[in-house]
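> Okay, here's what each chain looks like letter by letter:
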Amino acid sequence: MVCADHGALLMNMTLTEVAEDGERIARVLRYCYDLYDYDMVLVFTDPYVEAQALGCPVTLDPYPTLRGPASNHSVDRTEQIIKAADILKSEIPVPVFVSIKGPFTLAAFLGGVEHYLKATMKSEAEATHLLQEALHHQLAYLRKLLSLSVDIMIGDPLASSSVISPGAFCKYALPGLQTMVDMAKAKNVRVGVHICGEVAPILKHLDDLSADILSIEDIDVETETIRMGGVGTDTILNGDVERIRSEVKNALGNRPIILSTACDVPPQTDPASIKTMVSTARENDPDHGVQE
Amino acid sequence: MIESIRKAVIEMDDEKAIELVSIALKEKTDPVDILEKGLISGMQEVATLFARKEYYVPEVLLCSEAFYAGFDIIKPLIGKSSQQSKTKVVLGVIEGDIHDIGKNIVKVMMEAGGYEVIDLGRDVPIAKFIEVVETEKPDILAISSLMTTTMVHMANIISELEQRKLRDTVKVIVGGAPVNEEFAARIKADGYSPDAPSAVKLVEKIIGG
Ligand code: B1M
Numbered sequence: 068m069v070c071a072d073h074g075a076l077l078m079n080m081t082l083t084e085v086a087e088d089g090e091r092i093a094r095v096l097r098y099c100y101d102l103y104d105y106d107m108v109l110v111f112t113d114p115y116v117e118a119q120a121l122g123c124p125v126t127l128d129p130y131p132t133l134r135g136p137a138s139n140h141s142v143d144r145t146e147q148i149i150k151a152a153d154i155l156k157s158e159i160p161v162p163v164f165v166s167i168k169g170p171f172t173l174a175a176f177l178g179g180v181e182h183y184l185k186a187t188m189k190s191e192a193e194a195t196h197l198l199q200e201a202l203h204h205q206l207a208y209l210r211k212l213l214s215l216s217v218d219i220m221i222g223d224p225l226a227s228s229s230v231i232s233p234g235a236f237c238k239y240a241l242p243g244l245q246t247m248v249d250m251a252k253a254k255n256v257r258v259g260v261h262i263c264g265e266v267a268p269i270l271k272h273l274d275d276l277s278a279d280i281l282s283i284e285d286i287d288v289e290t291e292t293i294r295m296g297g298v299g300t301d302t303i304l305n306g307d308v309e310r311i312r313s314e315v316k317n318a319l320g321n322r323p324i325i326l327s328t329a330c331d332v333p334p335q336t337d338p339a340s341i342k343t344m345v346s347t348a349r350e351n352d353p354d355h356g357v358q359e
Numbered sequence: 013m014i015e016s017i018r019k020a021v022i023e024m025d026d027e028k029a030i031e032l033v034s035i036a037l038k039e040k041t042d043p044v045d046i047l048e049k050g051l052i053s054g055m056q057e058v059a060t061l062f063a064r065k066e067y068y069v070p071e072v073l074l075c076s077e078a079f080y081a082g083f084d085i086i087k088p089l090i091g092k093s094s095q096q097s098k099t100k101v102v103l104g105v106i107e108g109d110i111h112d113i114g115k116n117i118v119k120v121m122m123e124a125g126g127y128e129v130i131d132l133g134r135d136v137p138i139a140k141f142i143e144v145v146e147t148e149k150p151d152i153l154a155i156s157s158l159m160t161t162t163m164v165h166m167a168n169i170i171s172e173l174e175q176r177k178l179r180d181t182v183k184v185i186v187g188g189a190p191v192n193e194e195f196a197a198r199i200k201a202d203g204y205s206p207d208a209p210s211a212v213k214l215v216e217k218i219i220g221g
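Read top to bottom, the protein sequences are chains V and Y.
At position 78 of the first sequence the residue is numbered 145 (the numbering used here), and the sequence of numbers has no breaks.
At position 208 of the second sequence the residue is numbered 220 (the numbering used here), and the sequence of numbers has no breaks.
For the record, the hints were derived by calculation from the structure and aren't laboratory data.
Don't take each hint at face value.
Chain V regions said to be covered by chain Y (calculated; three or more residues, Cβ under 8 Å) [stated by the list, open to error]:
| hint | segment |
| --- | --- |
| 1 | 174 to 185 |
| 2 | 248 to 261 |
| 3 | 299 to 305 |
| 4 | 338 to 349 |
Positions of the beta carbon are idealized from the N, C-alpha and C atoms, including for glycine.
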């Protein structure tokens with residue numbers, strides 16, 4: 068998953084210059100697509116677009132940082148994401164996915180991550196209230212994205228079993244994810260769910276969401292849903308050619324699979340490594356492409 | 013009573029921890045016993061539950077609130093006599109990295125282990141680590157990193173310590189999801205631990221010689 072931060076670095080721009088301007092977001096992602104020639108594009112700048120729209124202080128350089136819980140100073144970049152998605156959709160022949168946060172992670176950003184995690188156990192009313200606010204916002208945002216007929220990738224990193232229990236996942240994260248997946252599916256677009264870290268204890272629930280894609284770190288598992296991943300973020304950043312090729316081949320032996328890095332490509336990644344990943348996939352899978 | 017204090021920590025009940033510690037003190041229970049057999053023992057059980065995946069991050073955060081609620085009452089009453097309380101640990105998340113959930117758990121486990129912890133927070137510049145080693149003269153410098161992109165800066169801290177002739181004054185230990193034993197050896201750290209409970213054991217081992 069190449070994101071706008073990698074593109075910005077390649078094009079000598081700061082993330083702030085890119086992430087606050089839809090046309091530039093489209094330009095850097097287009098540049099990466101032309102450079103690497105992969106089969107789907109993800110419109111993603113940083114995890115805090117919606118949190119910032121709802122009032123969280125965020126700084127983008129030298130790396131995106133959430134500076135605190137929601138206050139009343141909102142900066143809405145969702146329109147820039149929509150603009151970028153619209154441009155890319157009209158320019159690029161492969162599926163254009165737009166990243167949107169799952170309501171649980173967004174609620175945690177709004178409340179402050181640790182405060183919110185504690186609230187899930189100690190003050191259910193507060194946790195639920197923020198969750199509803201997050202879901203409400205995400206459904207409105209999703210509706211706008213769906214009107215462009217783009218594909219959707221819902222990212223919910225704090226719903227990971229590295230962080231919360233399967234019980235808390237079912238209570239707080241799963242219902243909102245299901246609502247978003249259902250809404251996207253009703254519009255006949257592709258919808259993926261991305262959760263990094265440990266997911267084994269909740270894999271069955273993720274599978275039962277009936278999304279089209281599950282983007283997870285460990286793809287050596289059985290799911291009904293097509294898995295996406297296969298190359299570690301450490302491999303793409305630090306791995307030599309052999310290591311990258313070996314992970315690609317291993318992933319392709321695990322079909323059906325959408326070959327990707329397990330999470331965002333680190334911005335400083337050497338373009339040669341991404342090219343190695345794509346070319347190894349092409350050599351080993353001539354019928355590539357995201358199928359209809 | 014001490015067993016109930018231990019239970020209050022495990023059951024995430026900070027109010028109960030305050031109430032029971034206050035009663036125990038009124039009943040003239042030795043504060044060291046309250047701390048070691050009640051609060052610390054409770055956190056040790058929490059660490060086990062976390063390692064067994066019976067507790068997750070929210071549970072650990074709430075247990076640590078209960079621990080600190082009791083600890084804050086006890087702290088002024090305890091003399092700095094044990095080896096642990098003489099050991100100073102400086103802890104922080106490396107520059108460029110805002111993942112601090114794990115570091116916060118390491119912190120609470122270390123404090124529950126009786127060590128004095130100076131928490132530098134997250135996204136800590138290399139210069140800040142060096143400055144604090146100079147001014148605070150800690151026994152241990154514990155650095156956390158959750159990203160392959162940021163863990164490389166750990167090596168820069170160690171070489172900066174070498175250049176400033178501070179390397180021999182402090183033991184450097186490293187941890188965080190992408191870090192491993194081999195990486196720690198490569199950057200010449202003094203130790204690595206995969207999780208919070210073992211970080212405490214590592215400090216114990218290093219300090220114990
Ligand atoms: C000696 O001293 C010691 C000893 C032991 C030590 C120690 C120090 N420090 C830790 N330990 C050990 O003890 C702890 C307790 O037992 C353990 O700590 P851990 O921290 O490992 O465990 C915690 C208790 C629970 N685990 C966690 O809290 C991390 C879970 C995952 C899912 C995760 C989360 C939750 C988050 N993230 Co992010 N996140 C991921 C993580 C996936 C994963 N595989 O780990 C990871 C770390 N994230 C990643 C990324 C890419 C990012 N994240 C980002 C943001 C976030 C959230 C804000 C959403 C949130 C963090 C909230 C917070 N305040 O910490 C961004 C980071 C921005 C930045 N500059 O830092 C962003 C860059 C995303 C983006 N595009 O902006 C990946 C890093 C990839 C890489 N390059 O290595 C990632 C591995 C996911 C992935 N699959 O690729 C041990 O490691």
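> Does each hint fit the structure? Answer for all of them.
Hint-by-hint comparison with the structure:
| no. | hint | result |
| --- | --- | --- |
| 1 | 174 to 185 | holds (count 4) |
| 2 | 248 to 261 | violated (count 0) |
| 3 | 299 to 305 | holds (count 4) |
| 4 | 338 to 349 | violated (count 0) |
Hint compliance for this structure: hints 2 and 4 are not met, and every other hint is.
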